[in-house]
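Asker: Chains as they are written, first to last, in my numbering: chain A, 1 to 246; chain B, 1 to 123.
Rather than coming from a laboratory, the hints here were simulated on the basis of the structure. Beta carbons: idealized from backbone N, C-alpha and C, even for Gly. Any given hint could be a false lead.
[Claimed, not checked] Label-pair ranges, simulated between beta-carbon atoms:
| hint | chain 1 | residue 1 | chain 2 | residue 2 | range |
| --- | --- | --- | --- | --- | --- |
| 1 | A | Glu183 | B | Arg44 | 22 to 28 Å |
| 2 | A | Thr234 | B | Ala54 | 19 to 25 Å |
| 3 | A | Leu137 | B | Asp55 | 26 to 32 Å |
| 4 | B | Pro34 | A | Pro121 | 27 to 33 Å |
| 5 | B | Ala47 | A | Val159 | 55 to 61 Å |
| 6 | B | Ala47 | A | Gln144 | 24 to 30 Å |
| 7 | B | Phe74 | A | Asp122 | 27 to 33 Å |
| 8 | A | Lys146 | B | Arg44 | 19 to 25 Å |
[As the list claims (entries may be wrong)] Where chain A lies over chain B, by a calculated footprint (3+ residues, C-beta under 8 Å):
| hint | segment |
| --- | --- |
| 9 | 26-38 |
| 10 | 42-51 |
| 11 | 82-95 |
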Amino acid sequence: MRAFAPCAVMLGLFVGNGTTGNRTPPTAPADATPKLQEPAPKSPVPEDATVYHTLAGGEAQVLFTTDAPLEKLSGKSNQVVGYAVSGPKDHPERLRGGVWLLPVDSLATGIPLRDEHLAGPDWLDAREHPTIEFELLRVEDVEQVKAGEGFSTWDAALVGTMTVHGKSKEVRIAGARLTLFAESEKTKAIAPGDLLFIKCSYSIHLSHYGVTNKDIPKKVSDTVAISEILRLSTKVAETQKTEPSK
Amino acid sequence: MRTAGWIHATGGALVGGAIVLWLATGREGFTRWPDARLENAGSRPSAEETALLADAGLSTPEETAAHEGMTSRFAFGLLPGGPGVRHLASVATACAIAGVCSGVAYVGLSRKARDRGHRTSTP
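Starting from the given sequences, assemble the full structure and let the hints guide the process.
Answerer: Right, dumping it as structure tokens:
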């Protein structure tokens, strides 16, 4: 009987209601409202170009996955803000530029402690490098895939500069797909204005951007697979509020 | 003797139940609970958007399913997902509790047997 008492105490701790001892991680609060303002175009927009504004705060825009011994680490974000500048009127798919910002502390994995570590100084260091940035310089290898009433879909390679953890590298993202929609009753169910969807998948190596945590590569893979689908519109949605960047 | 047997059996049931729960909730490595941050980090595309993008050749059902896989849910993991009683629950925690309880019961049993042996040998 004497041996039973400590066992009962430990079982009681295990079955406890969990309202005590939970630590609130110092990451971005649970709020879908975009926290960043759309950056201004870095160069004057040509007269024959259209600026498309990224719609943030709704559906997931970025999914990332990396391998680890026990499970695949996955996360997502819907806080990407930015813009794209279309090509000339006869070739709007030949994007002439764009800039997108992803707040590091918006990445959510579903486990609060993991989110905290991800944004911490040993990993992406949100305090020193609050955003991941991609600047589109040009598109290459543009090829039409499909066209129909009010839309056209193109395959292309996106060439630009990726900045992660304060380090910039030129990247070429092959196999990207762009779809342009003219405004219609169907597209209004998604967002007002003419729409541009950009979908791409690529990988980055954390070590290339100066992320050299001791757990890489034994516990967490150096390679992170990223899948993105960005929704842009010629009109900024009225429901999309942005707060001034801090 | 009976008490120790019950303790071992309870420990075994605890570990067995933990493994069943782990298998039933997706065989995750770390325990997770519904998370508001994850819920707000991206909703599912609307049916209208899914249909529009499929018609335009932009997305496939497999890709849509991959996006939907990142959902906020409960999963009992092999290891704790963090501090706090909720996140400490895991297969490893159940094994540790069962092991400690069984160990304490075994030590208690050994002491009893030793004490009984001293009493019978003393005239």
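Asker: Would you mind marking each hint as holding or not holding in the structure?
Answerer: Status of each hint after checking the structure:
1. Here the CB-CB span from A:Glu183 to B:Arg44 is close to 24 Å, well matched to the stated 22 to 28 Å.
2. At about 23 Å, the beta-carbon gap between A:Thr234 and B:Ala54 stays in the expected band of 19 to 25 Å.
3. The hint said 26 to 32 Å for the Cβ distance between A:Leu137 and B:Asp55, and at roughly 31 Å that hint holds.
4. Taking the beta carbon of each, B:Pro34 and A:Pro121 are about 28 Å apart, inside 27 to 33 Å as hinted.
5. A C-beta distance of roughly 35 Å is found between B:Ala47 and A:Val159, which places it outside the suggested range of 55 to 61 Å.
6. Taking 24 to 30 Å as the suggested C-beta distance range, the pair B:Ala47 and A:Gln144 conforms, at roughly 27 Å.
7. Separation of B:Phe74 from A:Asp122 is about 28 Å and conforms to the stated range, judged on CB atoms against 27 to 33 Å.
8. About 24 Å separates the C-beta atoms of A:Lys146 and B:Arg44, a value consistent with the hinted range of 19 to 25 Å.
9. Closer than 8 Å: that is the beta-carbon criterion, and the segment 26-38 of chain B has 8 residues meeting it against chain A, so the requirement of 3 holds.
10. Counting residues of the segment 42-51 of chain B whose beta-carbon sits less than 8 Å from any beta-carbon of chain A gives 7, enough to reach three: the coverage restraint holds.
11. Counting residues of the segment 82-95 of chain B whose beta-carbon sits less than 8 Å from any beta-carbon of chain A gives 10, enough to reach three: the coverage restraint holds.
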